[in-house]
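Trainee: These are the residues of each chain, in order.
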Amino acid sequence: MITTTHIWQALEEVKDPELPLVSVVEMGIVRDVQLAAGSVHIKMTPTFSGCPALDVMQRDIAAKVRALGFTQVTVETVLHPPWTSDWIADSAREKLQQLGITPPIRHGGNLIPIAFLDVATCPRCGSTNTILKNTFGPTLCKSVWYCHECQDGFEQFKAL
Amino acid sequence: MNTNHQTALAQKLLFLADDELILAHRNSEWTGHGPILEEDIAFTNIALDEMGHAATWHRLRQELTGEDVDTAVFFRDPAAYRNVQLVELPHGDWAFSMLRQYLFDVYELVHLAQLATSSYRPLAEAAAKIRVEEIYHLRHTAAWVTRLGLGTAESHQRMQTTLDTLWPYAQQLFVNLPEDEALGEMGMAVSPSSLLEEWQHLTTTHLTQANLIIPTNHMPPTTDRADHTDHLTSLLAEMQSVARQYPTAVW
Ligand SMILES: [Zn+2]
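First to last, the protein sequences are chains A and B. Position one of the first sequence corresponds to residue 1 (my numbering), numbered consecutively onward. Position one of the second sequence corresponds to residue 1 (my numbering), numbered consecutively onward.
Chain B on its own, in the form it takes in the complex (with noise of 0.2 Å):
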């Protein structure tokens, strides 16, 4: 591995720490609000589930970088995270974090099984590790999906209003960076563009079944991971304020 692939290669692991660390703080928000008891329990080991996939992507990108995971984590500012805007907006209704964890979910299944063959061992390893944990995940979330697009008119409509917002969000997660090109010719990983189709197929067949109408609308509000919304900076304002306040902590 020359010094280019394995410079594409830690971001691309960054890119994949990122969207589950940050989707996962923002889930562990409901912990304690959820709207039944099993609910909150069960959204909250979700979060912990995409926080240990994190922490697994994190350790991959230390082993290449020699960068501490707290390091990364907690001392990194706003500007320098790669996650997509689609898991930095606020959490919303129930519907909204329902959504957005199954639109996720199904991107992840798609993009965890060709990552599994990754020609990067330990990529390929961790893959096949975190993939089928998710099968859980879109088993839950694809179930509040029917329920909440099937239930009433009230949770249909929030259904719909919320699938309009996340769609083009959504879109970005397929968009290929400069780093692609890098990995694609090592075998090291795919395109986020090839797995558009099938996450496409997917979604839209369960979504229609669940009486939601597609959005038109495919375009993502950005195509650059360095580009956030405001709502990252109070997120990790507040994720990072005990680790930044007390440096030396250990627990």
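Here chain A stands alone, though its shape is the one from the complex (with noise of 0.2 Å):
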């Protein structure tokens, strides 16, 4: 007997697709799952509207559950509430850090002061002697810093 445990683990084997180590469930897109009469409901949330990536994980979300022997699966895409960093898991901050991405700082509701904070933690060597380069890195999730200690450039996932 398949229940939502089952279907919730499975989706830790999602990926984001340009996250290649993070899980869906990890980065707080699946917000819900329900199991009734043999159909699946599954909620998920955009992390930024204009990521390509949701497609792609709507379609692996959907595919991934009817592996499991479910036939009747809907993903529907909700935006309230809207999807936040903060909910990014401490498994997948670690996993960003080891990505060479340092993970965003938690803002608990306060974005604003975050997102003009000009203070990133280079993930290399530790320090905060950085430089903000590019509030739009290589995707919208992304933006670009220069560390003074490494010389050299890292990406930071961005606050929101």
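No lab work stands behind these hints, which were simulated from the structure alone. Every value quoted in this text rests on a predicted model; they were computed, and no experiment measured them. Note that CB positions come from ideal geometry on N, CA and C, so glycine has one too. Check before you lean on any hint, since a few could be wrong.
Here are the simulated lysine to aspartate or glutamate pairs, EDC-like style, with alpha carbons at most 20 Å apart [stated by the list, open to error]:
1. A/K64 <-> A/D32
2. A/K43 <-> B/E125
3. A/K95 <-> A/D32
4. A/K133 <-> B/E39
5. A/K95 <-> A/E76
6. A/K43 <-> A/E12
7. A/K133 <-> B/E38
8. A/K15 <-> A/D90
9. A/K133 <-> A/D152
10. A/K133 <-> B/E63
11. A/K64 <-> A/E13
12. A/K43 <-> B/E63
13. A/K43 <-> A/D32
14. A/K95 <-> A/E13
15. A/K15 <-> A/D86
Pairwise CB distance ranges, derived in the manner of DEER restraints [claimed, not checked]:
16. A/A89 <-> B/R244: 43 to 53 Å
17. B/T31 <-> A/S127: 29 to 39 Å
18. A/G100 <-> B/P215: 16 to 26 Å
19. B/A80 <-> A/E149: 48 to 58 Å
20. B/T205 <-> A/D152: 48 to 58 Å
Just a few of them, taken from the derived set where beta-carbon distance is under 10 Å, the chain A residues facing chain B [said to hold, decoys possible]:
21. F48
22. L79
23. H80
24. P81
25. L111
26. F116
27. N134
28. P138
Starting from the two chains in their separate frames, assemble the complex, guided by the hints.
Mentor: Spelled out as structure tokens, the structure:
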């Protein structure tokens, strides 16, 4: 008998296409899993609205649940409450660090001071002697920084 | 919600979607042509974000009208588009694109804060979501306004010339239309004119700090969102060409 717990576990294997080590569950993208009379209804929420990986994630989530033997699977996109980077789990923050990406600061709903804070910790050496080079990096969710200690650039996952 | 309100709301969503979509398309024209690689990537990502916002508004409209999003975007003629003329003007030089995006970003932030309190819940939720993302747009474009305004004599001159051109166009964003009255009664959306004061205060403060002189011409070239320049026709011809040539294509 497959329960919602099994579905959540299976979804841990669905990775964010732009962050291959991190799952859609750890990212806080999957908001709800409902199982009733053999059909599964999943609610997901977009990180950044313009994220080109959203459709891929929606397909991957549906495919993963079908692979468990369910034929009736719907994946609904919800905008409320809006996704916040505070939902990124600690496990995912460690993986971001391993990927050389500084995880976002937890802001507890007070985003503006964080969005304008010109400090990010270098993921290589831990120095805060860094400078923002660009608010928009190679993908929407990342900004680009320069570490004066390493004399090299790095990326930060933006707080949202 | 009666039919009148529903029609007005669908129109409002079309205004929101068309402004974002056309601006996103214009900005995307910089992809591969940005002044430096980092800016090329940054501005492309901003364009992508606006495209995502346009899609969000279109999906809300689809819930009301039943019109498919792709049909609305790719099979609607220029005369049926309802964007302001500000966003359809050619991308110009870097100063032009940065300043246009800046003026629009401030408008969006002021507007979205109000829409987030809409009595129509899907609209309020979408506005709240989009608003936090716009914080980063404004941070980016406001920095460019300062950089170019206080930069070299040439960059300053280009910014001032652009500001003189864009300022009247930007005023069209604050023109009240017949739909706004019906929506105001229902608490679904505020009238555009009520946003002008805050927009003007924010932009004037920042532009003045960048040594730019606020133009005295506040008359928009048109007040009718059905009224377009020829630039929109050529933009849509390009944007819609693939979809119209292969209407059954899927990707
Ligand atoms: Zn370092």
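Trainee: If a hint holds in the structure, say so; if it doesn't, say that too.
Mentor: Against the structure, the hints come out as follows:
1. A/K64 <-> A/D32: Distance ~15 Å between A/K64 and A/D32 Cα, so the pair holds.
2. A/K43 <-> B/E125: 15 Å, holds
3. A/K95 <-> A/D32: 23 Å, violated
4. A/K133 <-> B/E39: Cα-Cα ~10 Å, so holds.
5. A/K95 <-> A/E76: 27 Å, violated
6. A/K43 <-> A/E12: Holds, because 15 Å separates the two Cα atoms, which is no more than 20 Å.
7. A/K133 <-> B/E38: 9 Å, holds
8. A/K15 <-> A/D90: 16 Å, holds
9. A/K133 <-> A/D152: 11 Å, holds
10. A/K133 <-> B/E63: 41 Å, violated
11. A/K64 <-> A/E13: 8 Å, holds
12. A/K43 <-> B/E63: 18 Å, holds
13. A/K43 <-> A/D32: 5 Å, holds
14. A/K95 <-> A/E13: Distance of about 14 Å is within 20 Å: holds.
15. A/K15 <-> A/D86: 19 Å, holds
16. A/A89 <-> B/R244: 43 to 53 Å: 45 Å, holds
17. B/T31 <-> A/S127: 29 to 39 Å: 34 Å, holds
18. A/G100 <-> B/P215: 16 to 26 Å: This hint is violated: roughly 46 Å between Cβ atoms.
19. B/A80 <-> A/E149: 48 to 58 Å: 56 Å, holds
20. B/T205 <-> A/D152: 48 to 58 Å: 37 Å, violated
21. F48: 6 Å, holds
22. L79: With a closest approach of 5 Å, the A/L79 hint holds.
23. H80: 4 Å, holds
24. P81: Check passed: Cβ of A/P81 comes within 8 Å of chain B, closer than 10 Å.
25. L111: 6 Å, holds
26. F116: Holds, because the Cβ-Cβ distance from A/F116 to chain B comes to roughly 7 Å (cut-off 10 Å).
27. N134: 5 Å, holds
28. P138: With Cβ-Cβ at 6 Å, under 10 Å, it holds.
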